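**Q** Numbering of the sequence shown is given in full-length UniProt numbering, commencing with residue 1 and proceeding in unit increments.
Because the hints were derived from the structure by calculation, they are not lab data. Values in this document were obtained by computation on a predicted structure and should not be read as measured data.
In the DMTMM-like style, the derived pairs of lysine to aspartate or glutamate whose C-alpha atoms are separated by at most 25 Å in a straight line are:
#, residue 1, residue 2
1, K124, D141
2, K315, E349
3, K315, E262
4, K246, E184
5, K338, E81
6, K28, D130
7, K133, D71
8, K190, D177
9, K28, E132
10, K316, E349
11, K28, D96
12, K124, D80
13, K124, D71
14, K315, E81
15, K246, E189
16, K246, E187
17, K124, D96
18, K78, D30
19, K338, D324
20, K316, E288
21, K316, E280
22, K89, E288
23, K85, E262
24, K28, E262
25, K36, D96
26, K28, E241
27, K316, D275
28, K78, D136
29, K36, D71
30, K315, D275
31, K138, D30
32, K246, E288
33, K124, D136
34, K28, D80
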Amino acid sequence: MPPAACRGNPTSRSAIVADTAAGYHLLKIDGYSLTKVTPTGSCLSSSPFTVGGHRWRILYYPNGETANSADYMSVYIKLDEDHLKVQAKFQICFADHVKTQPSLKFKIVRAFTREGFTSWGYAKFFKREDFEKSNDLKEDDSFTLRCDIVVIREIRAEDSSEIVLPAETFVSVPPSDMGRQFGELLENEKGADVVFEVGGQTFAAHRCVLAARSPVFSAGLYGLMKEGDNAAGVVRIQDMEANVFKMLLRFVYTDTLPEMEEEDVMCQHLLVSADCYNLERLKLICEEKLCGYVSVGTVSNILALADRHHCNGLKKKCFNFLGDPANLSAVVAGDGFKDLSRSCPSLMEELIAMLALPPSHPK
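Turn these sequences into a full structure, and let the hints steer you where they fit.
**A** Structural data, given as structure tokens:
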């Protein structure tokens with residue numbers, strides 16, 4: 001029998017928490033047959049994309065990376081940066097195999113480093129003979145790869161002494177399903193009484209839902225702007241892409257954002273739209289996500305965006321990033337920083353003032 005001090009509830013608790021950032025990229029190969037002339041060991045590269053604040057590329061070897069894999073297609077994910085060490089999990093598959101958000105079964109964390117490996121992947125991803133007989137190769141001689149990446153940002157210990165062990169329950173109350181139900185209302189368009197025309201596409205919606213969620217929509221649909229096309233049930237929106245408005249509507253109805261391709265780019269567009277329609281929660285969500293994408297290649301654009309739309313947290317993140325001399329030196333050498341200097345001189349004054357301050361030391 002354990003001593004009295006070892007019986008009963010624990011006196012304290014802690015947890016190891018892994019802070020992560022996830023995203024995915026789609027790479028479409030048009031003209032598969034033409035890529036077969038690529039010799040073994042030579043690859044075709046995707047455009048660079050950003051996940052977790054780091055730049056990546058997908059490498060596709062039509063005839064394998066080595067002689068040992070010459071009968072196969074090889075695919076790899078490559079960290080497209082020279083000076084960083086990044087830990088990440090990844091998964092590469094055909095896009096058609098992912099019907100919903102993947103379960104991310106890959107559990108091995110890989111280290112992408114300049115000194116070790118800058119790329120990881122599958123030397124024998126798919127045997128060409130089998131691939132050419134499969135449904136993954138489309139009739140138009142194309143196929144699409146999907147690469148999911150989870151970047152491990154930080155692993156830390158947290159005090160979890162506030163955790164309360166659950167008591168025995170007799171009734172199980174399901175979580176709220178309202179978001180899904182409103183999402184279905186948006187999808188099936190039942191009872192829709194307004195149509196938006198954006199970027200050549202139309203979207204049916206419900207005035208009362210939009211008005212309840214956004215004072216700007218409320219004024220536009222029920223207030224001073226009821227004249228003209230709006231009164232007839234058609235609202236034309238300029239200066240916004242259709243896919244951005246579609247994501248905006250999805251948030252209005254469900255209060256959530258689904259996973260997004262090119263998340264960093266979409267979040268910048270959504271932040272601007274959220275500010276325009278006074279959707280403060282959406283704006284903060286985008287601001288928080290963009291904090292994870294601040295890098296040498298993105299900080300100039302993100303800082304300008306944060307300044308224009310009064311995103312103080314995102315602005316502080318950019319300044320902290322530029323406070324590192326190595327980061328600042330790399331950024332100053334780029335064209336983006338020169339454009340920022342010309343278009344936002346007040347930001348330069350703030351940055352210079354920040355850099356002039358002596359570093360603080362703990363007492």
